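**Student:** If you read the sequences in order, they're chains B and P.
With numbering that gives the first Met the number 0, the residue at position 192 of the first sequence is 191, and numbering never jumps.
With numbering that gives the first Met the number 0, the residue at position 202 of the second sequence is 201, and numbering never jumps.
Worth flagging that the hints you see were computed from the coordinates, not collected in a lab.
There's no promise every hint is true.
Said to hold, decoys possible - Chain B is faced by these chain P residues, among others (derived, beta-carbon under 7 Å):
(1) I3
(2) I19
(3) W28
(4) P43
(5) M88
(6) F98
(7) L104
(8) I111
(9) I141
(10) L148
(11) P224
(12) A247
(13) V266
(14) L269
Please read all numbers here as calculations on a predicted model, not as lab measurements.
Glycine included, each C-beta is placed from N, C-alpha and C at the ideal position.
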Amino acid sequence: MSANTQTVTVGAPAEARPKRKPQLSEGARAERRLGFMLIAPAVIVMLAVAAYPIVYAVYLSLRTYNLALPQDQKFVGFANYGAVLSSPYWWQALEVTLIITVFSVAITLVLGMALAFVLNRTIFGRGAVRTISLIPYGIVTVAAAYGWLYAWTPGQGYLSALFNNSAPLTNHVESLIVIIIAEIWKTTPFMALLLLAGMSLVPDDLLKAAKVDGATAWQRFTKIMLPLMKPAILVALLFRTLDSFRIFDNIFILTQGSNGTGSVSILGYDNLFNALNLGIGSTISILIFICVAIIAFAYIKGFGTAAPGTDIGKR
Amino acid sequence: MAAITPRRRAGWATANLVVIALALIPVLWLVSLSFKTPAAVLDPSFLPAQWTWGNYHGILTSAQFLRPLANSIGIGLISTFIAVVLASMAAYAIARLRFPGKSVLIGMSLLIAMFPLIALVTPLFTIERALGLFNTWPGLIIPYVTFGLPLGIYTLSAFFREIPWELEKAAKVDGATPFQAFTKVIAPLAAPGMVTTGILVFLACWNDFLLAISFTSTIASRTAPAAMEYFSGGSVFTVPTGPIAAAAVVITIPIIIFVLFFQRQIVAGLTSGAVKG
Numbered sequence: 000m001s002a003n004t005q006t007v008t009v010g011a012p013a014e015a016r017p018k019r020k021p022q023l024s025e026g027a028r029a030e031r032r033l034g035f036m037l038i039a040p041a042v043i044v045m046l047a048v049a050a051y052p053i054v055y056a057v058y059l060s061l062r063t064y065n066l067a068l069p070q071d072q073k074f075v076g077f078a079n080y081g082a083v084l085s086s087p088y089w090w091q092a093l094e095v096t097l098i099i100t101v102f103s104v105a106i107t108l109v110l111g112m113a114l115a116f117v118l119n120r121t122i123f124g125r126g127a128v129r130t131i132s133l134i135p136y137g138i139v140t141v142a143a144a145y146g147w148l149y150a151w152t153p154g155q156g157y158l159s160a161l162f163n164n165s166a167p168l169t170n171h172v173e174s175l176i177v178i179i180i181a182e183i184w185k186t187t188p189f190m191a192l193l194l195l196a197g198m199s200l201v202p203d204d205l206l207k208a209a210k211v212d213g214a215t216a217w218q219r220f221t222k223i224m225l226p227l228m229k230p231a232i233l234v235a236l237l238f239r240t241l242d243s244f245r246i247f248d249n250i251f252i253l254t255q256g257s258n259g260t261g262s263v264s265i266l267g268y269d270n271l272f273n274a275l276n277l278g279i280g281s282t283i284s285i286l287i288f289i290c291v292a293i294i295a296f297a298y299i300k301g302f303g304t305a306a307p308g309t310d311i312g313k314r
Numbered sequence: 000m001a002a003i004t005p006r007r008r009a010g011w012a013t014a015n016l017v018v019i020a021l022a023l024i025p026v027l028w029l030v031s032l033s034f035k036t037p038a039a040v041l042d043p044s045f046l047p048a049q050w051t052w053g054n055y056h057g058i059l060t061s062a063q064f065l066r067p068l069a070n071s072i073g074i075g076l077i078s079t080f081i082a083v084v085l086a087s088m089a090a091y092a093i094a095r096l097r098f099p100g101k102s103v104l105i106g107m108s109l110l111i112a113m114f115p116l117i118a119l120v121t122p123l124f125t126i127e128r129a130l131g132l133f134n135t136w137p138g139l140i141i142p143y144v145t146f147g148l149p150l151g152i153y154t155l156s157a158f159f160r161e162i163p164w165e166l167e168k169a170a171k172v173d174g175a176t177p178f179q180a181f182t183k184v185i186a187p188l189a190a191p192g193m194v195t196t197g198i199l200v201f202l203a204c205w206n207d208f209l210l211a212i213s214f215t216s217t218i219a220s221r222t223a224p225a226a227m228e229y230f231s232g233g234s235v236f237t238v239p240t241g242p243i244a245a246a247a248v249v250i251t252i253p254i255i256i257f258v259l260f261f262q263r264q265i266v267a268g269l270t271s272g273a274v275k276g
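Work out the full structure, taking the sequences as your base and the hints as a guide.
**Tutor:** Laid out in structure tokens, this is it:
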């Protein structure tokens with residue numbers, strides 16, 4: 000991660016710094032002490048509640064540990080990984096997760112861009128539209144998911160009635176479509192906000208000049224706005240992809256993972272609370288963690304995204 | 000910009016209407032469901048044939064909903080408070096002080112922000128059971144604080160970088176220690192950023208479902224989103240659709256009002272730093 004480049008100057012003002020090796024001035028040492036004191040609580044909490052459990056999960060993933068058979072614990076090496084990676088359930092959950100992620104992120108990007116355009120350019124009622132378009136962001140995911148669930152229940156829901164009393168949540172492909180729609184509805188405002196922030200950095204003069212030079216609206220969009228918005232787009236995509244990859248709430252409410260719609264998060268949850276198998280559950284956790292790391296790495300290396308947060312140090 | 004022709008006006012009006020309709024219809028559907036009688040729930044028309052307050056009356060007199068609602072509010076507020084305090088301290092240090100290991104801290108919080116929550120559920124579940132934290136308020140507050148921290152550190156350091164630090168120097172010249180400079184001068188200036196961060200962290204806690212269903216087993220600590228799931232099995236309600244819709248509205252409406260009221264802060268917080276790089 001690019002955040003890990005060891006530059007001591009990150010965040011420091013450009014003024015000359017005292018040499019750090021020979022001896023620190025009294026003030027610099029006090030500053031250092033204060034810095035450590037201020038970050039200590041946050042660091043301790045994050046280490047104890049996030050880092051330690053992950054290490055513990057690695058440990059558990061190398062053992063058999065079933066809550067139903069608590070006596071039967073032993074070290075089994077990578078047997079759990081073998082079991083998970085050779086199980087069709089894992090691959091199906093991964094496939095479902097990737098399908099949902101790719102489609103929902105791609106469509107959200109397009110719709111978010113359109114929404115950002117409207118929010119940026121609409122000639123009247125901008126405040127009202129901005130306000131109302133934030134509502135899906137504010138609504139509790141589970142609450143919205145119940146709305147979609149009942150809307151698609153035959154005999155109960157207006158959407159089901161609209162489509163000939165169809166029951167999409169009883170079938171694999173249609174369930175996935177409903178899940179993706181629910182995801183898109185909920186997350187488009189967030190995407191639009193991030194894109195809008197990028198859009199507002201595009202200088203108006205540039206667009207006007209291009210217009211005078213005879214560039215069409217599409218050319219102005221693809222040749223000027225998109226390149227200038229690239230950092231904002233990539234950060235928004237990275238956020239949304241990682242977020243979408245851990246999809247849980249919508250699936251849990253809409254299908255509970257039936258009809259082959261369970262994501263990797265659903266699989267991990269089921270394994271813990273229905274199979275009570277901590278060894279396998281931890282293995283799934285580690286594998287999900289590795290997937291997320293790969294996605295983040297691909298974005299940062301492949302697209303040259305600045306990792307969100309690195310600008311904290313950049314100043 | 001070119002003159003506003005009637006056609007352009009009509010075009011934007013349509014665009015606005017589409018946006019508003021798409022954003023509102025699913026919400027209005029929930030509201031409508033919550034006012035339907037148990038019989039009318041089985042009628043797919045968008046609006047209820049007869050309106051009833053029955054669903055609201057049912058859930059607002061039932062401990063199965065009231066207790067989780069109180070849990071949601073209490074756990075959310077406590078988590079938010081702790082996370083904002085800890086994040087402010089860390090963000091100040093990052094934005095302002097010179098000390099080694101800063102990039103490690105940023106990397107670590109970035110890692111946690113991107114973390115798939117489910118990956119922590121299994122180990123944390125085991126740890127919480129061993130420590131007796133399972134199904135308690137702290138059992139949810141502790142992870143909520145942890146996941147609020149990266150968001151808080153990220154947002155707050157973006158805010159802190161905008162603060163005129165000359166004031167701090169002036170305070171130091173006047174004889175204030177760095178700690179006094181922080182509490183007396185900078186913290187009040189940073190208050191708006193802290194409010195924004197608090198809102199974002201609170202929304203995240205309020206919205207959480209995975210941790211809430213994983214680390215609770217009774218209404219002693221179950222939060223509202225997790226409690227709705229259990230309406231179905233309860234004998235108190237005949238048809239759960241209406242009560243669930245009513246509960247969904249109850250936990251949503253305050254947040255929507257909240258979002259609309261603090262719209263500016265939320266937008267500023269969500270986009271802070273994200274595009275400045």
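**Student:** Each of the hints needs a verdict: does it hold here or not?
**Tutor:** How the hints compare with the structure:
| no. | hint | in the structure |
| --- | --- | --- |
| 1 | I3 | holds, 6 Å |
| 2 | I19 | holds, 5 Å |
| 3 | W28 | holds, 6 Å |
| 4 | P43 | holds, 4 Å |
| 5 | M88 | holds, 4 Å |
| 6 | F98 | holds, 3 Å |
| 7 | L104 | holds, 6 Å |
| 8 | I111 | holds, 5 Å |
| 9 | I141 | holds, 6 Å |
| 10 | L148 | holds, 5 Å |
| 11 | P224 | holds, 4 Å |
| 12 | A247 | holds, 3 Å |
| 13 | V266 | holds, 6 Å |
| 14 | L269 | holds, 5 Å |
Checked against the numbered hints given earlier, this structure breaks none of them.
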